[in-house]
Amino acid sequence: MLQGQLEIQLIAIVTAVACALPGVFLVLRRMTLMSDAISHAILPGIVLAFFLTESLSSPLLILAAAGTGVLTVVFVELLQRTKLVKEDAAIGLTFPALFSIGVILISRFAGNVHLDMDAVLLGELAYAPLNRLETFGNDLGPVSLYVMGTILLLNLAFILLFYKELKLATFDASLAATLGFAPTLIHYGLMTLVSVTTVGAFDAVGSILVVALIAGPPATAYLMTDRLSRMLLLSAVVGGVNAVSGYWLAFAFDVSIAGSIATVTLLMFGLTFMAVPNRGLIAIARRRACQKWEFAQTMLVIHLFNHEGLPEAEAESEIAHLHEHLRWDPAFATQVVKYALNNRFVLQKETQLTLTQQGRTIAQQALVQ
Amino acid sequence: MQALETKAIEVTDLTVAYQDKPVLWDIDLDVPPGVLLSIVGPNGAGKTTLIKAILGLVRPAAGNVLIYDKPYEAQRRIVGYVPQRGTVDWDFPTNVLDVVMMGRYGALGWIRRPRKQERALAMNALEKVGMEGYATRQISQLSGGQQQRVFLARALVQDSTVYLMDEPFQGVDATTERAIVDLLQELRENGKTVVVVHHDLQTVTDYFDWVMLLNIRRIASGPVEETFTPENLRQTYGGRIAFIKNE
Amino acid sequence: MENLNILARFDYTLMVVTIGAALLGAVSGSLGTYAVLRRQSLLGDAISHAALPGIAIAFLLTGSKAPLILVLGAAIAGWLGTLLIMSIVRLTRIKYDSALGIVLSTFFGFGLVLHTLIQRTGNANQAGLDTFLFGQAATILASDILTIGVLGGVAIVITFIFWKELKLLVFDEGFAASLGFPLRTLDILLTSLLVIAIVLGLQAVGAVLMSAMLVAPAVAARQWTNKLGLMMFLAACFGALAGVSGAIISSTASRIPTGPTIVLCATVVVGFSIAFASNRGLLWDWIRQKRNRRNLKMTEQP
Numbered sequence: 001m002l003q004g005q006l007e008i009q010l011i012a013i014v015t016a017v018a019c020a021l022p023g024v025f026l027v028l029r030r031m032t033l034m035s036d037a038i039s040h041a042i043l044p045g046i047v048l049a050f051f052l053t054e055s056l057s058s059p060l061l062i063l064a065a066a067g068t069g070v071l072t073v074v075f076v077e078l079l080q081r082t083k084l085v086k087e088d089a090a091i092g093l094t095f096p097a098l099f100s101i102g103v104i105l106i107s108r109f110a111g112n113v114h115l116d117m118d119a120v121l122l123g124e125l126a127y128a129p130l131n132r133l134e135t136f137g138n139d140l141g142p143v144s145l146y147v148m149g150t151i152l153l154l155n156l157a158f159i160l161l162f163y164k165e166l167k168l169a170t171f172d173a174s175l176a177a178t179l180g181f182a183p184t185l186i187h188y189g190l191m192t193l194v195s196v197t198t199v200g201a202f203d204a205v206g207s208i209l210v211v212a213l214i215a216g217p218p219a220t221a222y223l224m225t226d227r228l229s230r231m232l233l234l235s236a237v238v239g240g241v242n243a244v245s246g247y248w249l250a251f252a253f254d255v256s257i258a259g260s261i262a263t264v265t266l267l268m269f270g271l272t273f274m275a276v277p278n279r280g281l282i283a284i285a286r287r288r289a290c291q292k293w294e295f296a297q298t299m300l301v302i303h304l305f306n307h308e309g310l311p312e313a314e315a316e317s318e319i320a321h322l323h324e325h326l327r328w329d330p331a332f333a334t335q336v337v338k339y340a341l342n343n344r345f346v347l348q349k350e351t352q353l354t355l356t357q358q359g360r361t362i363a364q365q366a367l368v369q
Numbered sequence: 001m002q003a004l005e006t007k008a009i010e011v012t013d014l015t016v017a018y019q020d021k022p023v024l025w026d027i028d029l030d031v032p033p034g035v036l037l038s039i040v041g042p043n044g045a046g047k048t049t050l051i052k053a054i055l056g057l058v059r060p061a062a063g064n065v066l067i068y069d070k071p072y073e074a075q076r077r078i079v080g081y082v083p084q085r086g087t088v089d090w091d092f093p094t095n096v097l098d099v100v101m102m103g104r105y106g107a108l109g110w111i112r113r114p115r116k117q118e119r120a121l122a123m124n125a126l127e128k129v130g131m132e133g134y135a136t137r138q139i140s141q142l143s144g145g146q147q148q149r150v151f152l153a154r155a156l157v158q159d160s161t162v163y164l165m166d167e168p169f170q171g172v173d174a175t176t177e178r179a180i181v182d183l184l185q186e187l188r189e190n191g192k193t194v195v196v197v198h199h200d201l202q203t204v205t206d207y208f209d210w211v212m213l214l215n216i217r218r219i220a221s222g223p224v225e226e227t228f229t230p231e232n233l234r235q236t237y238g239g240r241i242a243f244i245k246n247e
Numbered sequence: 001m002e003n004l005n006i007l008a009r010f011d012y013t014l015m016v017v018t019i020g021a022a023l024l025g026a027v028s029g030s031l032g033t034y035a036v037l038r039r040q041s042l043l044g045d046a047i048s049h050a051a052l053p054g055i056a057i058a059f060l061l062t063g064s065k066a067p068l069i070l071v072l073g074a075a076i077a078g079w080l081g082t083l084l085i086m087s088i089v090r091l092t093r094i095k096y097d098s099a100l101g102i103v104l105s106t107f108f109g110f111g112l113v114l115h116t117l118i119q120r121t122g123n124a125n126q127a128g129l130d131t132f133l134f135g136q137a138a139t140i141l142a143s144d145i146l147t148i149g150v151l152g153g154v155a156i157v158i159t160f161i162f163w164k165e166l167k168l169l170v171f172d173e174g175f176a177a178s179l180g181f182p183l184r185t186l187d188i189l190l191t192s193l194l195v196i197a198i199v200l201g202l203q204a205v206g207a208v209l210m211s212a213m214l215v216a217p218a219v220a221a222r223q224w225t226n227k228l229g230l231m232m233f234l235a236a237c238f239g240a241l242a243g244v245s246g247a248i249i250s251s252t253a254s255r256i257p258t259g260p261t262i263v264l265c266a267t268v269v270v271g272f273s274i275a276f277a278s279n280r281g282l283l284w285d286w287i288r289q290k291r292n293r294r295n296l297k298m299t300e301q302p
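Residue numbers (the numbering used here), protein chains in the order written: chain A, 1 to 369; chain B, 1 to 247; chain C, 1 to 302.
Source of the hints: derived by calculation from the structure; they are not laboratory data.
One should not assume that every hint holds.
With a Cα cut of at most 25 Å, we get these calculated PhoX-like pairs of lysine-lysine [said to hold, decoys possible]:
1) C:K227 to B:K116
2) B:K116 to C:K164
3) B:K52 to B:K7
4) B:K21 to A:K292
5) A:K349 to A:K338
6) B:K52 to B:K70
7) B:K7 to B:K70
8) A:K292 to A:K338
9) A:K338 to B:K21
10) C:K95 to A:K86
11) A:K164 to C:K95
Here are the in silico distance ranges between beta carbons for each label pair [unchecked claim]:
12) C:G153 to A:S229: 52 to 60 Å
13) B:R234 to A:R360: 16 to 24 Å
14) C:D187 to A:R360: 39 to 47 Å
15) B:S143 to A:F51: 49 to 57 Å
16) A:D254 to C:M86: 28 to 36 Å
17) C:G153 to B:D206: 56 to 64 Å
18) C:T131 to A:R108: 18 to 26 Å
If we take Cβ atoms under 8 Å as the criterion, some of the chain A residues that face chain B in the derived model are [as the list claims (entries may be wrong)]:
19) M299
20) I302
21) N306
22) H325
23) R327
24) W328
25) A366
26) L367
Ideal placement from N, C-alpha and C gives every residue a C-beta, glycine not left out.
Just chain A, same shape as in the assembly:
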């Protein structure tokens, strides 16, 4: 493996993990689309900072972007607070407007400078190692690795430091407020992180695909676990795996690396969606097939139990008429009766079914839960 390849993959992994960590909280707080909005809306901030510094790697760019990102959140919330616009519409209004300003600024004033739209929207991971950090003639590695590494550490520090507060503010904001944890402050802290992360990831993947890195791995992890700590860990792992496999896929087919990572993100999500134990589609389908009989049997014993000792009991427990009462297919009803007889939950007395003590217990248990 060439050094360049290794560096690209390293950058991809660091970026993916840095995005996935705050992404977990966005997914849980139902604010994923805020990251989409922020990643587009910070464009004017970047452009203005670029005009000032005339450099794309100045730290000022990140500060300006973070500022614009927070401003976007404030705009959306102000719009909502007028009660004239709902949240989704507020987001849908804010970011295109800010993005448009950015585009117009670029095409009007920066036509000849090196800041083109494709770089902002799509990024190009392949070029990331070209910009190197050098001190006294020593090559210390690609700049973006340092930038994203710092952002990753920042995200990690924020989450470790405020883990308890983040958790509480995510699951019960009002409780967090009464306990004095200032959920608003946590909220804006998180949004600042998202803004910083997004602008850092620009170089690598651009503003559209950054959403895939922010939303994809956490959503995939959310299908696998219920625990927040494990979800954070899994998101990071999934993000890293997506990044590396996306890179090799792009290498094999000679296509866009960022696009390929996004595609793998979708595939990973889809695969998890299908195959994850317990919650996946396959598991649900299999469980349903097994449970179909169990469920029908429970329905049968409850049916008998409900009518036990009542005047209509005789009619209700007639085997030949069961399917009419329960609206089952006659063949299905016969199967269910056989199943329940095998399990000794019911007894057959001539044409009637009666419950065994065991069957009665099952019915009671089902009704109590």
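Could you slot chains B and C onto chain A? The hints should help.
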């Protein structure tokens, strides 16, 4: 064998499950014509689900529902429905009269628009609920009680024989509650059957003549004086009933 | 001198572009009304991004760049994206916003992969992608106007035919179902209309800014009226206004892209409406509060 009387609503062995979780187990319920029935039970007892199952809005896993001896699909025109007030966006750009006229949409069928006749029926219904002065009012400017009256008026213009109402007393003031009760009782006097999901145990005996106690399964149903007993309530609410009565 | 310059520029091409932008604004504005009322404002964003792989595949399969074929591909992919969002929400614990974000970005990423594949075969250039991202309002042709007019017109006529049913669906799904109207069919119909508006609008403002063209006119219109019909009509007018003014402004100076200018014009309309609309507007609200306070004071003083 007793003579078979036609029932307004006949639910037999109804089981409803959301995904894998059963929410109603083997429910039987007979509602004779011309009664005012309340469905009572704790939160999560499946009250709304039962109403929705009767209306065919959720598919049952087993069992059957008949309205005057026929399945719901054949009887849509004689069933009126009042959903929970909170299920719609009251900032929707429309006015009171327009919402009430929606009650005629079923009878109008596809594509045909409401006309003068529908307008007159809607005004008439608004008068019955004491809202005739609000016909052109934008719906976001209504109070909770007024919203509920508008929903009732919408059900009234359906001109149904059977009414199903999901929590019509939710969040309304005392005056509106009284007015709604009067209206429900008037409907019953006119031979209509009214089924109401209800929350307040204190008022069951005052407002209704029939009651169904529900908690995933049917605990009991029948005339209030026979059915609304401490023993049945204890079975429905478990230990929590003492707390409720003390309130 | 400057004025003369504008007049001279107001030639046939500009007229075609202006008419096209106006039509697109009107179509997306009126159909966006439903998206805003159903709180699906950002579905437009997802559909427009998800359309990219559809366009690429349509091109790979047919080798044709005919607008109608590409629009068809875009529509199918946008539709599939919507379907996937709905299935994720229905079948998993993932919420609507995350499902939308995933579909939006990953479909787009897949489209990018396909695009680089096409680029490698030398059949297309970067301009194709830029067109998708930012639209090409400045290159609208008379034949495009016909396509926009016919497809958009059909979509709007359909909303008129099923006016009552769609209104009921958007306002109260449960009640609509109890009356026997098929929710799923109506939902599919409404989403299809939205997809049509989006794939048409892609030409003018591109994928990134499409959501604004659906949302902004409808939000602005909502501030002026409490009637659904009038809201849709006003949204169409505001959309057309944004289209016309955006097209004209961007033609007056060099290097002002049309799409973003249209979006900014629409945003200005929204800002104005929220601030100054009668009844609902902020200014009106402020005056009313002030008056109420004064009345209160007057009643307090004997």
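Hint check results:
1. C:K227 to B:K116: OK: C:K227 and B:K116 at ~19 Å, within 25 Å.
2. B:K116 to C:K164: 16 Å, holds
3. B:K52 to B:K7: 19 Å, holds
4. B:K21 to A:K292: Distance of about 12 Å is within 25 Å: holds.
5. A:K349 to A:K338: Holds: A:K349 and A:K338 sit about 14 Å apart, inside 25 Å.
6. B:K52 to B:K70: OK: B:K52 and B:K70 at ~17 Å, within 25 Å.
7. B:K7 to B:K70: Roughly 10 Å separates the two Cα atoms, so the pair holds.
8. A:K292 to A:K338: Roughly 14 Å separates the two Cα atoms, so the pair holds.
9. A:K338 to B:K21: 24 Å, holds
10. C:K95 to A:K86: 18 Å, holds
11. A:K164 to C:K95: Holds: A:K164 and C:K95 sit about 23 Å apart, inside 25 Å.
12. C:G153 to A:S229: 52 to 60 Å: 56 Å, holds
13. B:R234 to A:R360: 16 to 24 Å: 21 Å, holds
14. C:D187 to A:R360: 39 to 47 Å: 45 Å, holds
15. B:S143 to A:F51: 49 to 57 Å: 54 Å, holds
16. A:D254 to C:M86: 28 to 36 Å: Distance hint for A:D254, C:M86 holds at roughly 35 Å.
17. C:G153 to B:D206: 56 to 64 Å: Holds: the Cβ-Cβ distance is about 59 Å, inside 56 to 64 Å.
18. C:T131 to A:R108: 18 to 26 Å: Holds - the Cβ-Cβ distance for C:T131 and A:R108, about 20 Å, lies within 18 to 26 Å.
19. M299: 5 Å, holds
20. I302: 5 Å, holds
21. N306: 5 Å, holds
22. H325: 5 Å, holds
23. R327: Result: holds, 5 Å to nearest chain B Cβ.
24. W328: Cβ of A:W328 sits 6 Å from chain B, so the hint holds.
25. A366: 7 Å, holds
26. L367: Constraint on A:L367 satisfied, holds at 5 Å.
In this structure, none of the earlier numbered hints is contradicted; all agree with it.
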